[in-house]
Amino acid sequence: GAGVSQTPSNKVTEKGKYVELRCDPISGHTALYWYRQSLGQGPEFLIYFQGTGAADDSGLPNDRFFAVRPEGSVSTLKIQRTERGDSAVYLCASSLSRGSSSVLNTGELFFGEGSRLTVL
Amino acid sequence: KQEVTQIPAALSVPEGENLVLNCSFTDSAIYNLQWFRQDPGKGLTSLLLIQSSQREQTSGRLNASLDKSSGRSTLYIAASQPGDSATYLCAVCSGWTSYGKLTFGQGTILTVHP
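These protein sequence lines are chains A and B, in that order. Residue numbers for the first sequence, in the numbering used here: 1 to 120. Residue numbers for the second sequence, in the numbering used here: 1 to 114.
Careful: at least some of the hints might be erroneous.
Unchecked claim - Simulated crosslink set (DSS-like; lysine-lysine; CA at most 27 Å straight-line): (1) Lys68/B to Lys1/B; (2) Lys15/A to Lys42/B; (3) Lys11/A to Lys42/B; (4) Lys78/A to Lys42/B; (5) Lys78/A to Lys11/A; (6) Lys78/A to Lys17/A.
If you're looking for bench data, these hints aren't it; they were derived computationally from the structure.
Here chain A stands alone, though its shape is the one from the complex (with noise of 0.2 Å):
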């Protein structure tokens, strides 16, 4: 697409669900990137794709976090167990491939919209 796409915008839980976020990026970003902001604060990363595999996952708060990307395109962030805390906005991007000798390759991230995500 010509963006990055995030579904959905808003979700609403009650303490204890599970929740899936999905995100798509823009065509031909081989590069993915989860985000997590709080109110007033800036972005915090989550997780780097490249391909279908996880390349970083570092800032994964804990293992109730979960994110896949089973065909290198669409990723899928996954929140079991949902507690208060969880609540935030969590921001997805997409970029070229680090290793992309393109010479539009600047390490630009893209972002998409957003899905808010409050746990009652």
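Starting from the known structure of chain A, arrange chain B on it as the hints suggest.
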């Protein structure tokens, strides 16, 4: 660990003023620095990206400079307009091995009033 600070936290100016937003980072060994705009309830829009080998980038009324040695970047907005009102975020990529792993500042909330 890289830390990014933005000053001021908030800024309110009348329309037409030229203004400067500041960003500082603690580790000068960066790969690139990116400035974003965020409107309320929206995602991030990339404004300018400066590679570590560059000193500045310009786009329209925006000019971003980078001084790696002092760990600073500034975003200059000329002839501000009410439509420029938004939160401006600075983000640093701390090296090739951290590609795409950005460290963000907390942002500067800009209000331009008519």
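Hints, one by one, checked against the model:
With a CA separation close to 16 Å, the supplied pair Lys68/B and Lys1/B stays within the 27 Å bound. Between Lys15/A and Lys42/B the CA atoms are separated by roughly 25 Å; this keeps the pair inside 27 Å, and the hint holds. A hinted pair counts as satisfied when its Cα atoms are at most 27 Å apart, and Lys11/A with Lys42/B qualifies at roughly 15 Å. Annotation: proposed proximity of Lys78/A to Lys42/B holds, straight-line Cα distance about 21 Å (limit 27 Å).
With a CA separation close to 13 Å, the supplied pair Lys78/A and Lys11/A stays within the 27 Å bound. As the CA atoms of Lys78/A and Lys17/A are separated by approximately 11 Å, the hinted pair is consistent with the 27 Å bound.
Against the hints set out earlier in the document, no violation occurs for any number.
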